[in-house]
Every structure is written in structure tokens, then in C-alpha cells.
Amino acid sequence: MAKNNRNLKIEKTIKTVRPLYKTLIIWIIIPLFAIMFLETIILFAAGMIPTFIAYIIDPSVKKQITKTVCYSNLAGCFIVAINMWTYNNTLDQALYLMSDAGNWLIMFGSASLGWLLYFIIRPMVVSYLAIKFEAKRKNMENIKKNLIEEWGNAVIPETFEPARKENMQISDNKN
Amino acid sequence: MALKKIKGKVNKTDNGPIVSLRKKYTINSQQPLPDYDSGISLAFQASDITAISNKVIAYICDAKIPARINIIKILSTTTHHCLVRAIDWDVVFWPPKNRRCLVIICQQPLGNKLFKNNTITSMKEDKIITSFLIPTMQALRELHNNNICHGNIHIGNLYITDNNKIMLGECYTTPAFMNLPMAYNTSTNSLCLTAGRGNGKISDDMYAVGICVLALIVGEDPTNEYKSDRQIQQNKLKYGSYGTLAQHYRISNSLMAPLRGLLNDDPNERWGIEDIFTWINGKRLSPKQQVMPPKASQPFHFSGGEYGTARELAYAMAEKWNDVFEVIQNGSVDNWLRRSLQDERVTNAVNKAKDIPHPTTLDEKDKLIARLLMSLSSERPVQLRNLSGSIEGIGQLIGIMQKDINIRLLFSQLLTSGLLAFYLELKPNVSINGANIFTQIDKVKNILLQKGYGGGIERIAYLLNPWLPCVSPIFERDYVPNIDYLLPALNRYARLKGKDITTIIDKDIIAYILVHFKQQLKDEINEINSNGKVHLKILAEIKILARLQESLSNKRPMLDLCNAAAIILEPAIESFNSIKIRKHVTTKIKTAVSTGRILDVLLAVNIDENAKNDDYGFKLACNEYMGSVDGLIKLDEDIKDKNNIATELTGQISSSLSGLLAIMLAFGYAIYNVF
Numbered sequence: 040m041a042k043n044n045r046n047l048k049i050e051k052t053i054k055t056v057r058p059l060y061k062t063l064i065i066w067i068i069i070p071l072f073a074i075m076f077l078e079t080i081i082l083f084a085a086g087m088i089p090t091f092i093a094y095i096i097d098p099s100v101k102k103q104i105t106k107t108v109c110y111s112n113l114a115g116c117f118i119v120a121i122n123m124w125t126y127n128n129t130l131d132q133a134l135y136l137m138s139d140a141g142n143w144l145i146m147f148g149s150a151s152l153g154w155l156l157y158f159i160i161r162p163m164v165v166s167y168l169a170i171k172f173e174a175k176r177k178n179m180e181n182i183k184k185n186l187i188e189e190w191g192n193a194v195i196p197e198t199f200e201p202a203r204k205e206n207m208q209i210s211d212n213k214n
Numbered sequence: 010m011a012l013k014k015i016k017g018k019v020n021k022t023d024n025g026p027i028v029s030l031r032k033k034y035t036i037n038s039q040q041p042l043p044d045y046d047s048g049i050s051l052a053f054q055a056s057d058i059t060a061i062s063n064k065v066i067a068y069i070c071d072a073k074i075p076a077r078i079n080i081i082k083i084l085s086t087t088t089h090h091c092l093v094r095a096i097d098w099d100v101v102f103w104p105p106k107n108r109r110c111l112v113i114i115c116q117q118p119l120g121n122k123l124f125k126n127n128t129i130t131s132m133k134e135d136k137i138i139t140s141f142l143i144p145t146m147q148a149l150r151e152l153h154n155n156n157i158c159h160g161n162i163h164i165g166n167l168y169i170t171d172n173n174k175i176m177l178g179e180c181y182t183t184p185a186f187m188n189l190p191m192a193y194n195t196s197t198n199s200l201c202l203t204a205g206r207g208n209g210k211i212s213d214d215m216y217a218v219g220i221c222v223l224a225l226i227v228g229e230d231p232t233n234e235y236k237s238d239r240q241i242q243q244n245k246l247k248y249g250s251y252g253t254l255a256q257h258y259r260i261s262n263s264l265m266a267p268l269r270g271l272l273n274d275d276p277n278e279r280w281g282i283e284d285i286f287t288w289i290n291g292k293r294l295s296p297k298q299q300v301m302p303p304k305a306s307q308p309f310h311f312s313g314g315e316y317g318t319a320r321e322l323a324y325a326m327a328e329k330w331n332d333v334f335e336v337i338q339n340g341s342v343d344n345w346l347r348r349s350l351q352d353e354r355v356t357n358a359v360n361k362a363k364d365i366p367h368p369t370t371l372d373e374k375d376k377l378i379a380r381l382l383m384s385l386s387s388e389r390p391v392q393l394r395n396l397s398g399s400i401e402g403i404g405q406l407i408g409i410m411q412k413d414i415n416i417r418l419l420f421s422q423l424l425t426s427g428l429l430a431f432y433l434e435l436k437p438n439v440s441i442n443g444a445n446i447f448t449q450i451d452k453v454k455n456i457l458l459q460k461g462y463g464g465g466i467e468r469i470a471y472l473l474n475p476w477l478p479c480v481s482p483i484f485e486r487d488y489v490p491n492i493d494y495l496l497p498a499l500n501r502y503a504r505l506k507g508k509d510i511t512t513i514i515d516k517d518i519i520a521y522i523l524v525h526f527k528q529q530l531k532d533e534i535n536e537i538n539s540n541g542k543v544h545l546k547i548l549a550e551i552k553i554l555a556r557l558q559e560s561l562s563n564k565r566p567m568l569d570l571c572n573a574a575a576i577i578l579e580p581a582i583e584s585f586n587s588i589k590i591r592k593h594v595t596t597k598i599k600t601a602v603s604t605g606r607i608l609d610v611l612l613a614v615n616i617d618e619n620a621k622n623d624d625y626g627f628k629l630a631c632n633e634y635m636g637s638v639d640g641l642i643k644l645d646e647d648i649k650d651k652n653n654i655a656t657e658l659t660g661q662i663s664s665s666l667s668g669l670l671a672i673m674l675a676f677g678y679a680i681y682n683v684f
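Chains as they are written, first to last, in the numbering used here: chain A, 40 to 214; chain B, 10 to 684.
Here chain A stands alone, though its shape is the one from the complex (with noise of 0.2 Å):
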């Protein structure tokens, strides 16, 4: 018992000490970019609320929706922030260009364009996950029909673990 408290509180230290190459990153790189690229930031930071805001209401494990937002909402900030790059980089004209509402609804409706291509996607790909799966019972109903017709039941296992035994029973009575 004493011996798994140690463990814990060694993976504890091992978690809490980061690496020196992130402590860089953090407290040097990033400070050194948000003063250099600050205008940029702003602009991105403000474009980019749909992103956080997907990334909040995002139920899958790997964040695919946020993704797929991110990267159309990327390309709108992209946008207009080309516009602030090749005309005054300064937090003035970033500031100008969030102003304006039209860059507002270049940024924000591209995020929706993400958004409207996984609710267009998604019924397609159930569609497709159904008649895979059904398919693939198919398949896998006819391998046992065929292994008992040429082997009888002497082919089935008599001895499987209950719950495999269960389920088993709730695929026979699928079919």
C-alpha cells in the first residue's frame, strides 16, 4: 500500500516537471511573438471565437468538429488578415479592420462554412455506417452458417464466457 502511494507521488513529480524546451516555449517564445505579432494576435484572437467556442461544445474524443470549424475559421482570419499585412500592419488597423462588420462576417461565416460542411457530412456517413454494418453481420452470419452446415454444431464452443455467451444470443435474436 505504502509502496503504491510512492508510485503516485513519483508519477506526481514526473507530471508537474516540465520539459525545459516548453518552459521556453511559454515564457519566452510566446511573450517575445504576442509583443512582436500583437496586432496579428488580436485579430485572430477575436476572429477565432467560433474555434473556442466549437472546441467547448465538441462531444468527439479527437475534437474533429473543432478542427474542421478551425480550419475554415482559420481561412477567413486569414482573410482579412492579409488585408492588414499588405495595407498597415499596426494594432491600429486591426483594430480598424474589427470594426467593420463585413470582416466580422467574413470571419465568423467561414467558421459556420465548417460547420455546415459536418451537418451536410454527417447524415451521409450514418447512411454508410449502416449499411456497413449490416454488411458486415451479413458476412460474418453467413461464415457460421456455412462452418455448421459443413462441421454441424459440434463446431460451436460450448464453453464461452457468459457475457460473450450473452451476446451471442442477442446477435442470434437480431437475426
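FYI, nobody ran anything at the bench for these hints, they're computed from the structure.
There's no promise every hint is true.
Not the full set, but computed from the structure, chain B residues with beta-carbon under 7 Å of chain A [stated by the list, open to error]:
id, residue
1, V65
2, G281
3, A671
These stretches of chain A come out as covered by chain B in the derived footprint (C-beta under 8 Å, 3 or more residues) [said to hold, decoys possible]:
id, region
4, 67-78
5, 83-92
6, 130-137
7, 146-159
As the structure is a computational prediction, the values presented were derived from the model and not from experiment.
Ideal placement from N, C-alpha and C gives every residue a C-beta, glycine not left out.
Based on these hints, arrange chain B on the given structure of chain A.
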């Protein structure tokens, strides 16, 4: 009598009551010839198709008593006209008994039975010599030259020919001396069970001739005086054979000599064929006076009787077996032997018999009693309770009575108790035949310990009696006199049983095949006796039959047997897991059955290769089935988790598309803006 037995039992077949034998003889099953019946063998009218002039009759042998078919070939070549010559034999379906029986075709006796109602007009010396003694001695000489004893000489088996010669009847439908009335047997043989008298000796035939001569002299059966065989036996032991049978008749001095010579109870002193011829030729021999056993000064009281000689006492003790141990224990036998009988030879023999550890179990007590009886009288056969037989006949006894449980147990006890060795110890001058039988028994007694197929009493019975037919219960309605008849009989059995057949081989058949089949069957027997799968045992049984069929010169197709093999092999086919293999084998077996060759059936099953493929394929199939079951379980889990999967997948697709579109848009706008 015979007619009565048969009446109402005739079951007409396609051929009606006429039965054909080897397509050479026909036998009319509705024409019995009771005048020629011989004991349990019934005579029927027969005719030789190839030579009408040959008058023949057929003896239908009793299925439970083996006939002496081993001597028929020799007898068929004899030319002596005063011996009913055997011509041929075969096993045929006999309608009155509704079963297959052994039929022996023999020459029809040239006249009627000599004794009708056990009486005839008494004969003069000259007539006895010319009509009976000379032809009989010539016939016996011919037989004995071929090492055959007649074994069935008695007044009921004598026929009078046209030229007033007396003819000896058949001697081959039952084992020698088995059919012989007790009075015609020598003292040793009469103490044996009828099956245990063995093939006999020349002197045994001469003894029977002596009683026939006496009957011809007095014109009646000399045993008529006595009420029972037991009484005759008791008197023979008391007064000797001549004293018992001839004493109360007036016999001329000239005939007294051969009679005394022939009826001498000592086989070494008994007259032989040459002695008779010498006497006939005018040299009047005077037979040695028979030495009677010494008589005790005081009789021995045993179980309510008084006995003056050791052999009488032994006879009484054999009858009251359970009372003997007590008199041995209390020492009364020893006292009587020492004080009253005073026969040193018997006393020494009894002391030797008692020279074993004190018996405690019933078997040990039986052993002591058996040794005592053998030592009391040199004439006694080997006896253990109800089992008694001469040393030459003990093998035959177990051969004929092997189905008697009591006899089987006693025979096992006899072999393990060493009584036969003790018998030989007491009688060092036992016949060569007897010594051979003892050696044979000694060699085979270890087989008793083999309890499985191919061992036990059955094997010993066939080993000691190669002429014995197969007595398996499977052949209840058949007769298998030799190995060539075995497969056809099994084929008939299979036909009779049809689809209900469960077995085609048993312990008896295995033992019979092992004794008569020249090839080694060790592997098959080991397989049958192993504790393995039942179908493998069945396969081993079928394999034995297949090898037997292949070895026969006449490879007749055995369709029914093959069909039975196919039915019996069903468990073997069922043992294959693969339904495909089963169907394949079943189809192949059907084709194989139609050939009538058992080996083809075995090859169709091809158990080794098919079992190997089946095992391998089955393991793969099980794994595959398990895989598909696991796959289905996983699929069910996926279906349950379909939304999440759809979300993940949609996310992947949409993010990829979105990324692509974003890059295109951003680059497109950048390029547009720059240029």
C-alpha cells in the same frame, strides 16, 4: 422316435423337403430312417445323383455336439465292407430344424440292425468268429492303422449284412466314445464325463468289442441285469468287468478266454487285435488272471456306505465331494489305509497327495480332495468336483462344454491348481497322446489370464481342439465346422439381422479366427481390447474380417456382410466432425458395399487419412467460428456506439475537407491580393 421329433416341424423351403448337398447328393427331409439312427444323430433317406447304384444315407448331426469331420476324409478311403463308410459332408439348411446343420453322407448299412429290442438268437462260437470277430478286427485294424479309434462299438450300432457278416455302424457323427453307453466304456472312461473321454485308445475299442461278443454269446444286452449305469459301475469296481457282466451267464470254455482277455480292466493286459487273431488261428491263449485291487480287512464307513477297496471309496467320495474334506481332516482315511487296507502303493500316493500346505479356502480344499481321489485309484481320471475327464480327453471336454459356466470355472481351477501335473506324477507311464495334451495345456494356460478378446477359455478350447466348430451364439442357427465356413455364415447372419445388426463378431469368433487364421492379428486384437473409442474397436473387428476374406482362395462377394459392416461402421462415420466428409464416406461406402468386398468398405472409410484431415479442418473451423462470433460481438458494440463512430468519422472527413477548402481559399485569396 426320430419321426416323432420331426413331425410338424417341416418348414418347406423353395426346394420343398429335398435338400441338396454339394449338388451331388439329395436328402429327403421327410423320409427319416429311424433304423439307422445313431444316438442323437438322425438318419434320413439320401441318394447319390451321380451314381444311382450307390446306396447312401444322410446323418443329420446335432448342432451342439461336434462331429468327427476330421476323420471323414480318411474314412472315405477305407475299403472295408464291414464298416459303414463315410463319403462326404457339408453344412446345409435343414428344413425340419429350420436351421443349418452338419450332414454326413455315408454308405447305407448293408442290412438291418443286428439287435432288435436288445435281443437276438445267441450265436455259436464259429459264427461269432466268422461273422463278427474277423470282420470287426479287420475293420478296426484298418482304422487303428490310421490312428483312429472307432469309439462307438455297441450292440445298437451293429448291422447284419446280406452275407451274414456283422457290420460296424458309424463313428463320426459325435466325438469318439461320447455316444457309447456307459457299460461299454472302460473303467476310466466310464468315470469321465461323456465329453471328456478323449479320442480313446485301441484297447478302449477292444473292451467294447468284448462286451459285444458277450452280447452275441448270450443273445441279449448283458447290462439288462442292472437297473442303472451307477449300479454297473459300482459292480465293475467291486468285481471287475468280467465279474460284473459275464459272471451270471454260462459261457463256453473256448470263448471264456477271449472274453476275459477283452474285458480285462487293466488296459496293458487287455487283448489286442493280434491277440484275437492268434486265438482265432488256433493258438488258445490263456489270458492273465485279472489282478483285483487289495481288499481292506475292515470296510471304510463313508457317508452311510461301506467300502472295501480304495477305488470303491474313491468312487463314493467323488459322488459325495462335500463330505470328503471332513474325513481327510479327522485322519480316518489315513488310519484305514494304514491299518485295514495296508496297500503300500496307495498309502504312499495318498501321503504324496496330502503333501501340500494346509488348505483354508474352498479351492484349496477341492485341490486336496482331487489329489486324494487320484491317488486312491490309478484308474481314476482327472476330477475336480463335476469336471472329470481322462488326461487325453480333458481338452476335448472344455472344447465341447465351454459354454457351461460351472465347467469353465472348474477348468480354470484345474489349470491353475497344478492337478494335471500331479496326475502325471502319479502315472509316469501315461500315453504319448496324454503327455502331448498335458504339454499343450501347460503351454496355453497363461491364456486364461487374458480376459479380453482373443484370450480366456474360448481361445484355449479352440487351441486344444482344432477340429471344433465355432460355437459362437451368433451361429445359433448355423454351423461353422472350419474357417472357410465362417464368412459365409456371418454373411447369412448379417442377412438375417438386416438393419438391426449391432455386432458381427464376438469373443468366440475372435478366438476361433486366432486359432485357425495363419496371419498375425496382434494389432487388431490390441485395438479391440484397448480402452479407446468404440468405433476404432469396430474398425479393428471389420479389419480382421477383411483380412480373412482376402486370404480365402475363394473370394466370394459378401454383400450382406459388407452391408452389415457399413451399418456397424456408422459410429465411425459419425465420428467425423465434417458433414462433408461424412457424406463423402457414406457415398463411397455405398459403392463399396455393392462389390461385396469388406476391404473396399474399409478403404472407403479410410479412417486414418480422413480422421487426420477432419481433425485439422475442425480445429481451423472452430477458430474461424470463434473469430466470426467475436466479430459479431464487436459489430454489436459498434452498432451501439454508432453515433460516436459517426461523429468521429464525420469529423475526420469534414475536417479534412475543411482543411483542404481553407488552404485553397486562403492561397487563392493571397495570390489574388498579391497579383
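Checking against the hints above, which ones are violated? When the structure is compared with the hints, numbers 1, 2, 4, 5, 6 turn out to be violated.
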